[in-house]
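With the hints as extra help, turn the sequences into a complete structure.
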Amino acid sequence: MDGGKMTFRSLLKKYRATLVMMVLFLAFLLLFPSKAGRAEKSLLDQLKTMLLVMPPIFVLLGLLDVWVPREMLIRYMGKGSGVKGTALGIVLGAVAAGPLYGAFPVAAVLMDKGASFMNVLVFIGAWSTLKIPMFLFEMQSLGARFAVERFLVDVPGIFLIAFILNKLLTVEDVEKIYSASHDAK
Amino acid sequence: MENWILYGATVVLLVFSMIRDRTKTKKALMKGLKAFEGILSQFLIVLMLVAIVLTVFDPATISRLIGVGSGWVGIMIATLVGAITLIPGFVAFPAAAELLRNGAGVTQIAAFVSSLMMVGIVTLPLEIRYFGKKAAIGRNTLAFAFSIVAALFVGWMVAR
Numbered sequence: 359m360d361g362g363k364m365t366f367r368s369l370l371k372k373y374r375a376t377l378v379m380m381v382l383f384l385a386f387l388l389l390f391p392s393k394a395g396r397a398e399k400s401l402l403d404q405l406k407t408m409l410l411v412m413p414p415i416f417v418l419l420g421l422l423d424v425w426v427p428r429e430m431l432i433r434y435m436g437k438g439s440g441v442k443g444t445a446l447g448i449v450l451g452a453v454a455a456g457p458l459y460g461a462f463p464v465a466a467v468l469m470d471k472g473a474s475f476m477n478v479l480v481f482i483g484a485w486s487t488l489k490i491p492m493f494l495f496e497m498q499s500l501g502a503r504f505a506v507e508r509f510l511v512d513v514p515g516i517f518l519i520a521f522i523l524n525k526l527l528t529v530e531d532v533e534k535i536y537s538a539s540h541d542a543k
Numbered sequence: 262m263e264n265w266i267l268y269g270a271t272v273v274l275l276v277f278s279m280i281r282d283r284t285k286t287k288k289a290l291m292k293g294l295k296a297f298e299g300i301l302s303q304f305l306i307v308l309m310l311v312a313i314v315l316t317v318f319d320p321a322t323i324s325r326l327i328g329v330g331s332g333w334v335g336i337m338i339a340t341l342v343g344a345i346t347l348i349p350g351f352v353a354f355p356a357a358a359e360l361l362r363n364g365a366g367v368t369q370i371a372a373f374v375s376s377l378m379m380v381g382i383v384t385l386p387l388e389i390r391y392f393g394k395k396a397a398i399g400r401n402t403l404a405f406a407f408s409i410v411a412a413l414f415v416g417w418m419v420a421r
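Note that the protein sequences, when read in sequence, are chains A and B.
Numbers in my numbering are just positions in the first sequence, counted from 1, shifted up by 358.
Numbers in my numbering are just positions in the second sequence, counted from 1, shifted up by 261.
Keep in mind that the hints were calculated from the coordinates and are not lab data.
A hint or two may mislead.
The calculated DSBU-like cross-link candidates involving lysine-lysine, where the alpha carbons are at most 30 Å apart (straight line), are [as the list claims (entries may be wrong)]: (1) Lys295(B) to Lys399(A); (2) Lys437(A) to Lys285(B); (3) Lys295(B) to Lys372(A); (4) Lys371(A) to Lys287(B).
If you're wondering where the values come from, they're calculated on a predicted model, not measured in any experiment.
This is the structure in structure tokens:
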């Protein structure tokens, strides 16, 4: 997008797959009338979560993009940032709110600003499973033992997954992801 | 609760930004809006997929599949169900607690909770868009395997 006016045709092209999915969803409602009520309620719940969580995340993203200079982010989370960068990745993910899909656009901005891939992977891992508000809630519903033990095994797990994934991907793979993250913004 | 923190932090930073520089703030908001619009179509698709999947896998069906004594099969099913579904934590944890009370195994529940949080099959199209096929599928596969390991650990610790 070049910021120009969107024509009806380009809008249609962009939302074509969405329209197809809408038709499929309606077909599901018609084919399984006994499940229709649950499906509708579930969709509304999901929409509510998205509309509640996504706007502030994208506002924060915009602010991060405008206010944090690239050099600064590289210094804190780039290749040479060491333990500090990894710790920052963990903290950013752990204080986050919302489902994992909220982490992807944030990761794109971090990559575009020069965070190292390892730190981005650690950030994604922390967001997926170390979110502090979630942890407190898990403790409350499933018991401290369950939650604490899961937390204890998750921390090394996040590093392990990030490490293996980082090894699995070639330099070209990572470069491709980085240039795509620039376009995604 | 977590939303209040998120909104509070956003408002505070936004006000700071406005005071410092209005044009930059406007630019930031436009960038955020553009990024949101860019991903909206895929978001909507994923949300509809999730609604259908959640309707098929209702709590009654899940609890039947992962009871105590369901063993490895139960663990695999729990991991798979967690991987496919996308349930917010504030719904999933009380539901998991209810399943535990109704006779689901601890290991199975731990597998379900772990893969629920770390693996996202329905959100894979979104992840691929940001990370490419190789990284997205790789991360989910590793997280899937790890969920089983984590579950065995938690089950073993709790049983001791």
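Here is how each hint holds up against the structure:
Of the supplied pair hints, the one linking Lys295(B) and Lys399(A) holds, its CA atoms being roughly 29 Å apart against a limit of 30 Å. Distance check on the hinted pair: Lys437(A) and Lys285(B) sit about 28 Å apart at the alpha-carbon level, within 30 Å; holds. A threshold of 30 Å between alpha carbons decides the hint, and for Lys295(B) with Lys372(A) the separation of about 14 Å falls inside it, so the pair holds. Under the criterion of a C-alpha separation no larger than 30 Å, the hint pairing Lys371(A) with Lys287(B) is consistent with the structure, at around 29 Å.
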